[in-house]
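Each chain, written out:
Number of protein chains: 2
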Amino acid sequence: MVRTPLIAAPWAGPLWLKPESLQPIGAFKLRGAYHAVASLPADVQKNGVVAHSSGNHAQALAYAARDYGIPCVIVMPDAALPAKIAATRALGAEVVLVGATERLTEAAAIAADRGMSLIPPFDHPDVIAGQGTVGLEILDDLAEVACVLVPVGGGGLASGVAAAVKALRPDVTVVGVEPELAGDAAESFAAGELRQWPLEKTYRTIADGLRTNLSERTFAHLRTYVDEMLTVSEKQIEDAMGRIAVGSRLVAEPSGAVSVAGYLAHREVLPPGPAVAVISGGNVDPSVLARVL
Amino acid sequence: MVRTPLIAAPWAGPLWLKPESLQPIGAFKLRGAYHAVASLPADVQKNGVVAHSSGNHAQALAYAARDYGIPCVIVMPDAALPAKIAATRALGAEVVLVGATERLTEAAAIAADRGMSLIPPFDHPDVIAGQGTVGLEILDDLAEVACVLVPVGGGGLASGVAAAVKALRPDVTVVGVEPELAGDAAESFAAGELRQWPLEKTYRTIADGLRTNLSERTFAHLRTYVDEMLTVSEKQIEDAMGRIAVGSRLVAEPSGAVSVAGYLAHREVLPPGPAVAVISGGNVDPSVLARVL
Numbered sequence: 001m002v003r004t005p006l007i008a009a010p011w012a013g014p015l016w017l018k019p020e021s022l023q024p025i026g027a028f029k030l031r032g033a034y035h036a037v038a039s040l041p042a043d044v045q046k047n048g049v050v051a052h053s054s055g056n057h058a059q060a061l062a063y064a065a066r067d068y069g070i071p072c073v074i075v076m077p078d079a080a081l082p083a084k085i086a087a088t089r090a091l092g093a094e095v096v097l098v099g100a101t102e103r104l105t106e107a108a109a110i111a112a113d114r115g116m117s118l119i120p121p122f123d124h125p126d127v128i129a130g131q132g133t134v135g136l137e138i139l140d141d142l143a144e145v146a147c148v149l150v151p152v153g154g155g156g157l158a159s160g161v162a163a164a165v166k167a168l169r170p171d172v173t174v175v176g177v178e179p180e181l182a183g184d185a186a187e188s189f190a191a192g193e194l195r196q197w198p199l200e201k202t203y204r205t206i207a208d209g210l211r212t213n214l215s216e217r218t219f220a221h222l223r224t225y226v227d228e229m230l231t232v233s234e235k236q237i238e239d240a241m242g243r244i245a246v247g248s249r250l251v252a253e254p255s256g257a258v259s260v261a262g263y264l265a266h267r268e269v270l271p272p273g274p275a276v277a278v279i280s281g282g283n284v285d286p287s288v289l290a291r292v293l
Numbered sequence: 001m002v003r004t005p006l007i008a009a010p011w012a013g014p015l016w017l018k019p020e021s022l023q024p025i026g027a028f029k030l031r032g033a034y035h036a037v038a039s040l041p042a043d044v045q046k047n048g049v050v051a052h053s054s055g056n057h058a059q060a061l062a063y064a065a066r067d068y069g070i071p072c073v074i075v076m077p078d079a080a081l082p083a084k085i086a087a088t089r090a091l092g093a094e095v096v097l098v099g100a101t102e103r104l105t106e107a108a109a110i111a112a113d114r115g116m117s118l119i120p121p122f123d124h125p126d127v128i129a130g131q132g133t134v135g136l137e138i139l140d141d142l143a144e145v146a147c148v149l150v151p152v153g154g155g156g157l158a159s160g161v162a163a164a165v166k167a168l169r170p171d172v173t174v175v176g177v178e179p180e181l182a183g184d185a186a187e188s189f190a191a192g193e194l195r196q197w198p199l200e201k202t203y204r205t206i207a208d209g210l211r212t213n214l215s216e217r218t219f220a221h222l223r224t225y226v227d228e229m230l231t232v233s234e235k236q237i238e239d240a241m242g243r244i245a246v247g248s249r250l251v252a253e254p255s256g257a258v259s260v261a262g263y264l265a266h267r268e269v270l271p272p273g274p275a276v277a278v279i280s281g282g283n284v285d286p287s288v289l290a291r292v293l
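Protein sequences, first through last, are from chains X and C. Residue numbers 1 to 293, in our numbering, belong to the letters of the first sequence in order. Residue numbers 1 to 293, in our numbering, belong to the letters of the second sequence in order.
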């Protein structure tokens, strides 16, 4: 893992960026996958790991398995982008392509048949704990932090960061941010119960990493440890991407920029003092990046 | 200063990037300016510092002076970009605008009148030593490094990095890279004597930070500590900028991308094994960045 530094964003205020975009696969996902693999008992770990994912989690798990020298199978929908399949194979994983509806059953079957451990992208305590190291590093590097903003998709990153920050520094405000167009977590938070949005609704946002719903586990974390949920518009996300690139020289993907967008759009509800926005990833289509500059 | 991490560039080979683009002012210049201010005797330091610069050195020196709570005067040509003047003033410096030909005499006059120390952008041992910390960090973070590539403009960064690397690890190859269109250092290196190129010639390159000629001091450093000088085309610079943004999620300015361009274009003359390319800065016109994506 890269020990990502805090990067100043004076153009936005007393704001610092935590660029998880600089991790080897371009996203925070490596932290959780790595910690989940590291936490397996040795006799179980040697049998390898399996996951169903067509996104960053696939590459994160493949990367961790390669480092540990253990087998890794990634189940992907047969409609997955060839580039994502190739990138996962390049990290040494076996990629199994199935119809989109068969992904879960196929991954479970492989786990059972081969004695492999199924590592989900966010709904797992070891994965959440791994993401929490982002929070530990923020507290180490900026003791005077008043507020931490985290993007919310499935909620693994926000759960881990919020749990870590609140355990050590209950006085620090932790804010989750998501797109208005995938505002299931904000709605759940306000309603006090888990609300699932259909994928055809969340797929409207450009922030493709945040279209996922929370699980019961991550929702419970957010309710316990997160102070506030904010939402941002598509325009605010794109504006933030451009300002991050020009002002702090970092490439953020739309999902990664929502935390900064939330800071810029909602400063009046945030505590005064230094804030840290987690840039969750930087895997963006070049044409999208070019458009927002 | 940010302790910049090494960022993997597996898309290029066994290459790591040292992103000085992530320093507060977006360039390595802060290291040298800060070290020069820190090295002044206390009774001299309190009188403040002065420089003539319309570039990153102006902001670097203003930033360092502000941290030390001492006065700072920056002499700029009256044709300097308003954004650069504003950015320097925002860091607390007094900006004095003069005709382009009067910059040196005006800065010297201010130094004499006010008892301020003149801190040049690269032709100064303390400035060079400060830039050298980039080399120390590379050796700390990647002991198995075989080759370090550094952009060459005035030669301050390359002088410092090469001196630091060779002092500790004479087995590591240090390579300077510059644009073909501002190839004065490569020509000087080959000729064994300092060759100055007229500004109307070096101004053809997009790499605006590398249009400067070497000084006798930096040329002496390069001859002693640098193993090889390479040049790259304008197209190679732009290609490298795009690949750095997409592959390693970093915004590099053209001057910052020449080290990566040199690696991609000249791998056959470099030693096998891990290489580090220093990304000297990330202050790029958004329209230029959009074009290369």
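Each hint should be verified, as a subset may be incorrect.
[Claimed, not checked] Just so you have them, the derived chain X footprint on chain C, three or more residues with Cβ under 8 Å:
| id | stretch |
| --- | --- |
| 1 | 16 to 26 |
| 2 | 235 to 248 |
[Unchecked claim] Over the 10 Å line for every Cβ pair with chain X, so calculated as not near, a few chain C residues:
| id | residue |
| --- | --- |
| 3 | ASP123 |
| 4 | ALA252 |
| 5 | SER287 |
Since the hints were made in silico from the structure, they are not lab data. What you are looking at is a predicted structure, and each value in this text was computed from that prediction instead of being measured. Ideal placement from N, C-alpha and C gives every residue a C-beta, glycine not left out.
Here's how the hints hold up against the structure:
no. : hint       : verdict
1   : 16 to 26   : holds (count 5)
2   : 235 to 248 : holds (count 4)
3   : ASP123     : holds (27 Å)
4   : ALA252     : violated (8 Å)
5   : SER287     : violated (7 Å)
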